[in-house]
Every structure is written in structure tokens, then in C-alpha cells.
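Protein chains in written order, with our numbering: chain A, 1 to 535; chain B, 1 to 448.
Mixed in with the good hints there might be a few duds.
With a straight-line Cα cutoff of 25 Å, these simulated BS3-like cross-link-like pairs (lysine-lysine) come out [claimed, not checked]:
id, chain 1, residue 1, chain 2, residue 2
1, A, K468, B, K216
2, B, K9, A, K136
3, B, K9, A, K174
4, A, K32, B, K92
5, B, K216, A, K535
6, B, K216, A, K534
7, A, K150, B, K373
8, A, K32, B, K94
9, B, K390, A, K183
10, B, K368, A, K150
11, B, K386, A, K36
12, A, K39, B, K373
13, A, K128, A, K152
14, A, K395, A, K317
15, A, K152, B, K9
16, A, K150, B, K9
17, B, K216, A, K143
18, A, K143, B, K94
19, A, K118, B, K81
20, B, K373, B, K386
21, B, K9, A, K118
22, A, K118, B, K368
23, A, K468, B, K81
24, B, K159, A, K32
25, A, K33, B, K216
26, A, K33, B, K373
27, B, K81, A, K39
28, B, K368, A, K143
29, A, K118, B, K373
Chain B stretches covered by chain A per the calculated footprint, using a threshold of three residues with CB under 8 Å from any CB of chain A [as the list claims (entries may be wrong)]:
id, segment
30, 10-19
31, 44-57
32, 64-73
33, 91-99
34, 115-129
35, 132-140
Calculated from the structure, these hints are not laboratory results.
Being a predicted model, the structure only gives us computed values, none of them experimental.
The beta carbon of each residue, even a glycine, is placed where N, CA and C say it ideally should be.
As a plain string of letters, each chain reads:
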Amino acid sequence: MIERNHTQDYMMESPVEKNKKLIEDITDSYPKKVSKERKTHLVVIDPSEEQHIMADVATIPGIMTNRGCSYAGAKGVVFGPVKDILHLTHGPIGCGYYTWNTRRNLAEPEEGYNYFIKNCFSTNMQEKDVVFGGEKKLYGAIKEAYEIFKPKVIGIYATCPVGLIGDDIKAVAKRAEEELGIKVITVSCEGYKGVSQSAGHHLASNTLIMDIVGTEELEDPTPYDINIFGEYNIGGDVWLVKDLLQKIGYRVVSVFTGDSKYDDLAKAHRAKLSILMCHRSINYTNRMMEEKFGVPWLKVNYIGISSTIESLREMAKFFDDPMIYENTEKVIEEELKKIKPRLDYYKERLKGKKAILFVGGSRAHHYQDLLKDIGMETIVAGYEFAHRDDYEGRKIIPEIKEAPHHKILDTYHFERVTEPAYPQEKIEEMKSKMPDHFMNYEGMMVHMEEGSIVIDDFNHHETEELIKALKPDIFLSGIKDRYVFQKMGVPSRQIHSYDYSGPYSSFEGAVNFARDMDMAINNPIWKEVTPPWKK
Amino acid sequence: MECNNTERKYLTVNPLKTCQPLGAVWACLGIHQCMPHSHGSQGCTSYLRMQLTRHFREFIPTTTSSFSEAQVVFGGVGNLKQAIRNILSIYKPKVIGISTTCSAETIGDDVPGTINEMRASGDIPEDVKVFTASTPSYVGSHVTGFSNMVKSAVETFAKKSSPNGKINIIPGLLSPGDLREIKRILKIMGIDAIILPDISDVLDAPMTGEIHLYQKGGTTISEIEDMGNSIATVVLGREAGIAPAESLKEMYDVPYEVLPLPIGISNVDKFIMKLSEITSKPIPYELEEERGRLVDMMLDAHAHWYNKKAAVFGDPDIVEAIVGYANDLGINVLYALTGSYSSEWEKTVKSMVPDAYVSSDNDLWYLKEQLDKKPVDMLFGNSHGKYLAKEYDLPLLRVGFPILDRANLQHFPIVGYKGTAWLVERTGNTLLDYKDAKSPEHLLELIM
Numbered sequence: 001m002i003e004r005n006h007t008q009d010y011m012m013e014s015p016v017e018k019n020k021k022l023i024e025d026i027t028d029s030y031p032k033k034v035s036k037e038r039k040t041h042l043v044v045i046d047p048s049e050e051q052h053i054m055a056d057v058a059t060i061p062g063i064m065t066n067r068g069c070s071y072a073g074a075k076g077v078v079f080g081p082v083k084d085i086l087h088l089t090h091g092p093i094g095c096g097y098y099t100w101n102t103r104r105n106l107a108e109p110e111e112g113y114n115y116f117i118k119n120c121f122s123t124n125m126q127e128k129d130v131v132f133g134g135e136k137k138l139y140g141a142i143k144e145a146y147e148i149f150k151p152k153v154i155g156i157y158a159t160c161p162v163g164l165i166g167d168d169i170k171a172v173a174k175r176a177e178e179e180l181g182i183k184v185i186t187v188s189c190e191g192y193k194g195v196s197q198s199a200g201h202h203l204a205s206n207t208l209i210m211d212i213v214g215t216e217e218l219e220d221p222t223p224y225d226i227n228i229f230g231e232y233n234i235g236g237d238v239w240l241v242k243d244l245l246q247k248i249g250y251r252v253v254s255v256f257t258g259d260s261k262y263d264d265l266a267k268a269h270r271a272k273l274s275i276l277m278c279h280r281s282i283n284y285t286n287r288m289m290e291e292k293f294g295v296p297w298l299k300v301n302y303i304g305i306s307s308t309i310e311s312l313r314e315m316a317k318f319f320d321d322p323m324i325y326e327n328t329e330k331v332i333e334e335e336l337k338k339i340k341p342r343l344d345y346y347k348e349r350l351k352g353k354k355a356i357l358f359v360g361g362s363r364a365h366h367y368q369d370l371l372k373d374i375g376m377e378t379i380v381a382g383y384e385f386a387h388r389d390d391y392e393g394r395k396i397i398p399e400i401k402e403a404p405h406h407k408i409l410d411t412y413h414f415e416r417v418t419e420p421a422y423p424q425e426k427i428e429e430m431k432s433k434m435p436d437h438f439m440n441y442e443g444m445m446v447h448m449e450e451g452s453i454v455i456d457d458f459n460h461h462e463t464e465e466l467i468k469a470l471k472p473d474i475f476l477s478g479i480k481d482r483y484v485f486q487k488m489g490v491p492s493r494q495i496h497s498y499d500y501s502g503p504y505s506s507f508e509g510a511v512n513f514a515r516d517m518d519m520a521i522n523n524p525i526w527k528e529v530t531p532p533w534k535k
Numbered sequence: 001m002e003c004n005n006t007e008r009k010y011l012t013v014n015p016l017k018t019c020q021p022l023g024a025v026w027a028c029l030g031i032h033q034c035m036p037h038s039h040g041s042q043g044c045t046s047y048l049r050m051q052l053t054r055h056f057r058e059f060i061p062t063t064t065s066s067f068s069e070a071q072v073v074f075g076g077v078g079n080l081k082q083a084i085r086n087i088l089s090i091y092k093p094k095v096i097g098i099s100t101t102c103s104a105e106t107i108g109d110d111v112p113g114t115i116n117e118m119r120a121s122g123d124i125p126e127d128v129k130v131f132t133a134s135t136p137s138y139v140g141s142h143v144t145g146f147s148n149m150v151k152s153a154v155e156t157f158a159k160k161s162s163p164n165g166k167i168n169i170i171p172g173l174l175s176p177g178d179l180r181e182i183k184r185i186l187k188i189m190g191i192d193a194i195i196l197p198d199i200s201d202v203l204d205a206p207m208t209g210e211i212h213l214y215q216k217g218g219t220t221i222s223e224i225e226d227m228g229n230s231i232a233t234v235v236l237g238r239e240a241g242i243a244p245a246e247s248l249k250e251m252y253d254v255p256y257e258v259l260p261l262p263i264g265i266s267n268v269d270k271f272i273m274k275l276s277e278i279t280s281k282p283i284p285y286e287l288e289e290e291r292g293r294l295v296d297m298m299l300d301a302h303a304h305w306y307n308k309k310a311a312v313f314g315d316p317d318i319v320e321a322i323v324g325y326a327n328d329l330g331i332n333v334l335y336a337l338t339g340s341y342s343s344e345w346e347k348t349v350k351s352m353v354p355d356a357y358v359s360s361d362n363d364l365w366y367l368k369e370q371l372d373k374k375p376v377d378m379l380f381g382n383s384h385g386k387y388l389a390k391e392y393d394l395p396l397l398r399v400g401f402p403i404l405d406r407a408n409l410q411h412f413p414i415v416g417y418k419g420t421a422w423l424v425e426r427t428g429n430t431l432l433d434y435k436d437a438k439s440p441e442h443l444l445e446l447i448m
């Protein structure tokens, strides 16, 4: 705990000055070099100055980070939820094991399609494979998987030793495709690539666009075909959203990749618009889709009531169709009416509560909107593996200097290969009607309150100090720090996996979320932490 | 799902093991004020922290060397040095336990050499202890990782001075509740023991409203040093514990005894009698009473499980112990499966259940294929078995690691007579709940 000698002085200061001093204190307690580095990752929102944050650089060795690896991003996040691909991890057992049912991307079996999502497939590399090469084992595993499970598609995800010993997984995949007559896709997502799981998102996006999207045709296109991107159906989020969109009159061609099937992903290039939820995990694919197939995309947010309403209205503007306009308003009105009494009850119980949000993807941004809707306030928000554009908006992209670790992640650009669903002029016209921030994501920082704190690649030490100093009413993060801060007496919930709850999306989801906040914050057991004889 | 049963040589489906680093970190957590450090890519650390946190529902502090491409090309020693300096300055541990990952092993980083160098240059102060183990995922399993780390702790710290009259206990991958029960038994018997590692009071810390990076529990370094002076070592679970016991025997001539985990009446008997034999302490009547109560419970409820057919899967030591427990109850084990290969284990378990299929290099998909041909009435195993339980409509008794989908179980022992009694309660009543759920209303029974 940081000692404070001049409590009085702190009281007199503005929140901005106070918090600037606080993060100064926290980072000063590090060794000098670490302190200097970490200072660039912590920002107190101060509208009086131009502010930048350092992101997507290597974690300091020895710091207890929450970051994962490239394989986690590629297999764990982006490809893992596709339910009919047989996901085969090529590597030692641990990697495959840890991504076995450990993200709550729910998916429903469908008649006529394979359903592999509950299984863990691995080549279980042994020492002899590392010494003599693992290609034979990989081929054998693909063949056995084919014989037993008859998959239409197999996905191969390579982990650390595979890259180090130089197995040619692409060649093995090609041979298997020719000999077995199935599709075999590969992602070389060895864990040491890049500085976090973010590298894996990039690599997975490359495979999506090079090998999958555009390989099948949509037989019965409608004017209302859309894709949902950056949505992994945690706790069933996409099911609520799909339901709303279908009520309005849209047809969802594909979801990348929650509850999705290979065939749907292959047809995604025929949609008229893609909406993007998680900006970090898959914006690469959206950019390439626009270049290659002319499918524009819109950054939306359906976490939170007001954000959902705004997103639905902006989508309607893009289509500019009387039926869509009318149904959008009708659906909004109906949904609001349905949830109002329940939401009001929780709002009363949660008024003015303060939250700290440390959660990857775009969630640290999105959940601020939802918290606001239920009367709560976000005082600190941070990401594990974001890039500067997630904080500062896409306008910063040209300014981001390419770090050495980016070079290993191929960045592709495309010429248009197909007649887009709309002519380019029509797309431009539709885009021009939209407010700029929907097509050009503004990032998280601009939407945060003055004096609130933003942290990149947050870690245990900083979190502990912030919680002690700022005493939030709730700490929203992932599993790795959930129990430690709970033990400090701070109610904690997992916003990666929703603590076995959810969905939290759109209107009904907001009520679920409010109910869970209430159960965490106002739980009677908090009164029992201190024994009565010590009170 | 439709599929053909096929012999597999290359493909693992639904594994019954995970990798060495997880077991290594588990072992480190049972050492007082120890920071487990994983030398390699940060994904490994992130994953094992997630898994251990989900199992124990406690804070799992661990650090990583955070490899990226530069380290796998030019070597990771620089990152290791930086990491150690940062750990010392930020987290102030008394001990650092370093395990390696696939990438560090494949590129061949010299971890012990680096530590010696840092020790010599004064980068690591005298009063901070460091021990290291080589634990790539492509060798063994998390059980091997645990064993290697405990072995390293013993080899690094144990010394020989004057006899201490104590016994050493290497308890394997037991839960905090189990360790608490073992300590209670030792106390009743008046035996002084050094338990390595001891995760009780670390991974079952009480809710106090305060934060502690290191909880009060864990084996201290001076206790580990003293292990060379003990009367004997008792290994609970061969696979996780024999290697460190062998080291103590070789180095300091401390004899060892290998026992199954003390789950089930005959396994607990073996444990208690062995303790008594080694220490020449009598078995107190209090334990005899506990045993008598357990026998009474087993008789009262025997009809609910007698002659049921079961499959047992999970970590090797727990599977072996549960097979013994099942034999005590008159449950017929048809399958005993683990993923951590050991011919010794196979021989032992086969001798206990000669008619069962026993395999130490197997996965859950194999069990699924067999259930189609030769079904069972119940499953004993970890949470991964719940999908089989659902598909084949079977009760699943959750034992071992990992248990991800039920809360609080790690607080309740299944070792000792008391722990076994609680497992007996769960076994019988789970089967009764299952029977009630299946019975049509007019056949629901109130009395038995």
C-alpha cells in the first residue's frame, strides 16, 4: 500500500491531478527501467491535452501479465468457435488441452452438419517428434481424424515447437487435401509470435480471407444480408442479437465466428454489410473483405441499451429502407417496454456504484456503456492485448510505427476480385450518410470521463494498488484475477466468460447484467467478512 | 455424433493429461512464499493460471519470461535475467521456482547456469532461494512436471545434519482439504512430519478482506532442508512422488515407502499402519472409531452401489486409489484410464482389477468408444467426463483434477477415514438421486 503523507492536499485536487499523482506513485514503485516503460501505458483522461498511450509492445519479463499467446488468439478465440471444423492442434498436449471448452462460445448442433466443438483434438507431440520432426505424426493424425469423424474441414493450429523445428504444415495440409478430398486449413500461430494473443487474431484473419471467405456462393441473396463480425457467442450473446436483427428484417449470412459453420463463413463475401463488435480480434478480416469483395463494415456496439439502440438506427440508415426504419423503431419500442420494470428495480440498487474494467477485445469499452445505462460509473478501464487504435481510434493507424514483431505477421492487401453486392458508388453514397465514427472507430479513450484511468497490458501490482486507492464497488475482469481481488473484499465478476451467466447483449442481456451486478455488489455475505466480535 | 471405432496411433482426442508446467507451478505453490516462474512464452503461463484458478478458485501468482520471436531466435537468457530482477524487486518472494516450457527447451536455454551466474554476480541475494526444473510439455504430463519440481526442490535444498525424528510426506496432487485431513491424522497420532509440497493455507486461504500475494501456508525452505534428516519418506501416489523420494534415498539414505493415496478403507489402513510402523507410535483409538463409523456407513448403504460397473479416469495416482476404493465397496471397475504413461502404474492397477481394461496412455475418446460396446453404471473422474456422463446418461462422481464445473469440492477431503466417509456419502446418494430422477412417479420410494 502506498503511504500518503498529505491526504489533505489530495482532497483539494481535481480528479485528473489526483489520479495522475496516483499512477505516478504506482509506477514509481517499480525498478527504474520498468517504471519508465510502464508510465507510457497508463493515462489519466485529461481533455486539456493531446493524449497517447503505448500499446502492443512486449510485456516486461517477470511482470505478472494477463496476456496469452498467438495460439490463444488464433485457435482459442477466432477459429475455435466454428462448430463443424475439426480443430486439430499440432503441438504438445498442453496447448490443445487448455483450449478445450474453456471459452464459453455456445453453439448449437445443426442437422446435416458436423459438431466437433466439445472435443479436443491434438497430435500430442512427444520428444521424438521434436527431434525427428512432427510431419508424419500430423499427417497420421489427420488421416485418423478423417477415418473416425469424417469431417468436411480440418483446421491445423501449430504451437511453439512446431515452428522451432520447422514442420511444413502447409505441405502436409495440401497432401491431405489431395489424398482425402477434404478441406484442410492451417494457421501457423506458434505462441512466441507477437507479444500477445493479438498476433493470433491477425494470423487467423489471414487464413480466413486467403482460404475460406469467397469460396462458396450464396444461392439466394436478399437485400438485407449482413455478417456479424467479432462475436463469439459467449453465454449466448449472438442469439439475442440475431433474434433482434431478424425481427427487423435482416438476414444474418454468417457470424465470425460464434455458433458458426464453415459454409456460412465461405459465403460471407456476398453480404451487403458487416457489423463489427470486437474491434481487436478481427478488424483485419473486415478491412480485407472490403478490399477484396467490396463489403463495407460498421463498428457497432450492442452491449448496453443505448448503444444497441444507436447501433440499430445507424444500421437502418445504411440500408435506408422504409421497412427497415419502421421495424427498427418498432423493435426498440417493444424491447424497451419489456425490460423497463425489471431494469428500473436494479438501477435503483446500483445507482452511483463505481467499476474497474479490465477485459480484452473491445469489452473494456463496450461495458462502460452498459454500466452507464444501469447508473454505474467506470473509473478505470484497461485492455490486455489491444493496439493503439483500440484506445485512440482508427485515425491513429497511419501513425503507428511497425514494430519488429509485426513483420512476422503478414499483412495482405487486395485488389477487388469480384463484383460487389452493391456498386462502389452506392456503397460510397450509403457510407456518406453515416456519421463518421461508425465507419471509423473512435476508440475507447474519447468516450471516457475526465479523470478516469486507462491502462494497457495491466498487471497484478498496478491493479492491487489502484483497487486499494480507488475502492471500486465492483471489479470486472477475467478468471486470473477474479478471486484475488474478491478476497480483498471487492465484488468481482468475469466479463470474459460472464461467470456461467449471460447473455449480456442487447436489451434482455442488459437486465441479466444488472441482475448479476446486483447479486455481486449487494450480496448479504459481504456483511460477514468481518466477524461481529471485531466490528 | 456418428463415427467409426478405429485404432489410433497418432491422434489424441479428449486427453487425460496436460503439460508439465502446470504440475510444476502447482508444486511451487505449496512452498512458502514461493513465486513460480515459467521460462518461455507467456501463453503457457496464462493457460495454466487459468486452469489452476478455475480448479481451486484461488489466486494463482506466477510470472513468465514473455518470449517473443527475438528470444526463440537469439535465446531467452536475457529475458530470464530481466524477469528474475523484476520478480525480486516487485514481488519480493523468499523462493523462486523456475520451470521451463517447450520453446525454452527446444532452443536449449541454460537455466541453472544462468541462475548460478546471477548468484555469483550478486543479482540474486543470498537470502532468496531459487530452484529449477526442466519441464517441456512434450515429455510426460502435469504429473511429471509436479514430480520434477518437487525432486528439484529436494535436490537443491535438502541437507544432512542431525536426525530430526520426523517423517517426510510427499502427497502428490491432492487438494487443500485433503492435506488438512492428512495433517489432522498426523496430529492425532502425534507424528511430526514435513509435507512437501503443502498447498493447504495457500489454496484454501480464508476470506479476510486483505490481499496477500503469498498466503501463510506452504513448506518452508528450512523444512525442506531438514528432509535429509528424517526417519523415512512416505510417498502418497507413486507417479507424483517417487522421484523426489528416490533422490532423498540416494543423497541422504532416507528410506522411502510408496503407498497409494489414502482414499478408501484399505488404502487408509495401509497409510495409518505404515505411519505407526515407521514411527513406532500406536494407532490411537480415535482413528479406530473413525474407521468403525466408516465401516458402519458402508454397511448401511452398501445396497446402493454393490456390483455396479464403473469407469475410473484422471491422474494416475487418483485413479489407482479410486480403484482401491471401488474394490472396498464391491463396485466392479471395468476401465481404469489415465493419460500419463507408466508401465509400473499399469502393472499395479492391473493386479488390483485383473478383469478391467487398464491403460496409462489413453484418452477419453477411447472410453467413449468402449462404452458403446460394454457399458458401465457410473463414472469416477474429472469434469471432462461430464459430456460422457450426459451422452450415456450416467452419474459422474467428480474426483481428481480438474474439477471446473463444481464449486467448493477442493475444501472437502476424500483422504483418511473421514474423507472416505464423505466420498461414500457422495457415492451412495448420487446413485440414489440418479435413481429418483429416473423413476416414474408411481415407483418413487420413500423408505428403504
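Structure-based check of all given hints:
{"no.": "1", "hint": "A/K468 to B/K216", "in the structure": "holds (21 Å)"}
{"no.": "2", "hint": "B/K9 to A/K136", "in the structure": "holds (11 Å)"}
{"no.": "3", "hint": "B/K9 to A/K174", "in the structure": "holds (21 Å)"}
{"no.": "4", "hint": "A/K32 to B/K92", "in the structure": "holds (16 Å)"}
{"no.": "5", "hint": "B/K216 to A/K535", "in the structure": "holds (24 Å)"}
{"no.": "6", "hint": "B/K216 to A/K534", "in the structure": "holds (21 Å)"}
{"no.": "7", "hint": "A/K150 to B/K373", "in the structure": "holds (21 Å)"}
{"no.": "8", "hint": "A/K32 to B/K94", "in the structure": "holds (22 Å)"}
{"no.": "9", "hint": "B/K390 to A/K183", "in the structure": "violated (31 Å)"}
{"no.": "10", "hint": "B/K368 to A/K150", "in the structure": "holds (17 Å)"}
{"no.": "11", "hint": "B/K386 to A/K36", "in the structure": "violated (49 Å)"}
{"no.": "12", "hint": "A/K39 to B/K373", "in the structure": "violated (62 Å)"}
{"no.": "13", "hint": "A/K128 to A/K152", "in the structure": "violated (30 Å)"}
{"no.": "14", "hint": "A/K395 to A/K317", "in the structure": "holds (23 Å)"}
{"no.": "15", "hint": "A/K152 to B/K9", "in the structure": "holds (22 Å)"}
{"no.": "16", "hint": "A/K150 to B/K9", "in the structure": "holds (17 Å)"}
{"no.": "17", "hint": "B/K216 to A/K143", "in the structure": "violated (52 Å)"}
{"no.": "18", "hint": "A/K143 to B/K94", "in the structure": "violated (51 Å)"}
{"no.": "19", "hint": "A/K118 to B/K81", "in the structure": "violated (41 Å)"}
{"no.": "20", "hint": "B/K373 to B/K386", "in the structure": "holds (19 Å)"}
{"no.": "21", "hint": "B/K9 to A/K118", "in the structure": "holds (22 Å)"}
{"no.": "22", "hint": "A/K118 to B/K368", "in the structure": "holds (13 Å)"}
{"no.": "23", "hint": "A/K468 to B/K81", "in the structure": "violated (30 Å)"}
{"no.": "24", "hint": "B/K159 to A/K32", "in the structure": "violated (38 Å)"}
{"no.": "25", "hint": "A/K33 to B/K216", "in the structure": "violated (31 Å)"}
{"no.": "26", "hint": "A/K33 to B/K373", "in the structure": "violated (63 Å)"}
{"no.": "27", "hint": "B/K81 to A/K39", "in the structure": "holds (22 Å)"}
{"no.": "28", "hint": "B/K368 to A/K143", "in the structure": "holds (20 Å)"}
{"no.": "29", "hint": "A/K118 to B/K373", "in the structure": "holds (22 Å)"}
{"no.": "30", "hint": "10-19", "in the structure": "holds (count 9)"}
{"no.": "31", "hint": "44-57", "in the structure": "holds (count 10)"}
{"no.": "32", "hint": "64-73", "in the structure": "holds (count 9)"}
{"no.": "33", "hint": "91-99", "in the structure": "violated (count 1)"}
{"no.": "34", "hint": "115-129", "in the structure": "violated (count 0)"}
{"no.": "35", "hint": "132-140", "in the structure": "holds (count 4)"}
Going down the numbered hints, you'll see the structure goes against 9, 11, 12, 13, 17, 18, 19, 23, 24, 25, 26, 33, 34, while the others check out.
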